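Build out the structure end to end from the sequences listed, making use of the hints.
According to the numbering used here, the sequence shown holds residues 35 to 274 in order.
By construction, these hints were calculated from the structure, which means they are not laboratory data.
So the derived label-pair ranges between C-beta atoms look like this:
| id | residue 1 | residue 2 | range |
| --- | --- | --- | --- |
| 1 | Leu128 | Leu91 | 19 to 29 Å |
| 2 | His268 | Ile140 | 39 to 49 Å |
| 3 | Asp54 | Gly173 | 37 to 47 Å |
| 4 | Ala105 | Gly53 | 16 to 26 Å |
| 5 | His268 | Gln169 | 38 to 48 Å |
| 6 | Arg168 | Asp260 | 36 to 46 Å |
As the structure is a computational prediction, the values presented were derived from the model and not from experiment. Cβ atoms here follow ideal geometry from the backbone N, Cα and C, with glycine treated the same way.
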Amino acid sequence: MPDPLSGAIEISNVWKFYGDYPALRDLTLTVGESACCALLGRNGAGKTTLLRILTGLSHFQRGAVRIAGQAPRAGAARRQIGFLGHGIGVYEDLSAQENLDFFARIAGVRNSKNTVAAWLDRVGLARVATMPVRQFSRGMRQRLALARTFLHSPRILLLDEPFTSLDDRAIAMLSELLVEARRRGATIVLSTHQLREALAIASHVALLENGRLRYAGERTPEMLEDSNHLYRIHTDQGAA
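What follows is the structure, given as structure tokens:
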């Protein structure tokens with residue numbers, strides 16, 4: 035397994051402004067290779083903003099960001115990223131199979147036909163593989179988006195509220211996928227309000243408040259025992 039002390043993701047003194055409002059304030063964070071970092075914070079803390087910067091979808095005004103040693107917008111970095119954002123990111127007029135066929139070609143996946151079939155089965159969509167996505171429930175779309183995200187075995191996984199709309203069985207499936215990804219050496223940053231699920235998987239935790247990093251470190255047994263422990267100690271207000 036790669037050295038967890040080397041930085042797969044390096045964020046240095048980053049500032050992000052929306053007009054005059056600083057959404058991120060002098061943020062510095064390193065996520066080591068094969069680590070899983072639970073990115074926590076209340077709504078508006080800056081979690082989505084940070085993930086969009088890491089994917090290259092959003093600019094920042096000050097500081098530096100490196101993904102596997104590259105700028106986020108560099109092709110070499112983008113090819114190594116699997117991103118799941120708030121938007122599902124699939125085509126509603128295509129079937130589940132056609133969606134994954136398309137994304138597999140873009141990612142240069144070898145044996146894509148077998149890979150697509152395996153992922154449709156893994157996320158429980160094999161029986162509806164030829165159904166247009168517009169007929170899917172929100173939970174089915176989320177499972178398809180997960181398959182798209184993991185399809186090319188990315189080295190870096192950036193997930194924004196991935197447990198949204200998933201039932202208990204699908205949450206267990208996603209947890210297994212994340213554990214397996216870490217075993218193959220992937221680095222994960224996982225933003226979520228599902229504290230128990232995230233902390234059970236995470237090796238590290240980063241807590242944002244009003245765009246500032248209030249805590250970064252290893253996930254501790256106390257966090258597992260009390261998922262709000264971190265909020266009470268490191269934020270100005272009580273746990274949400």
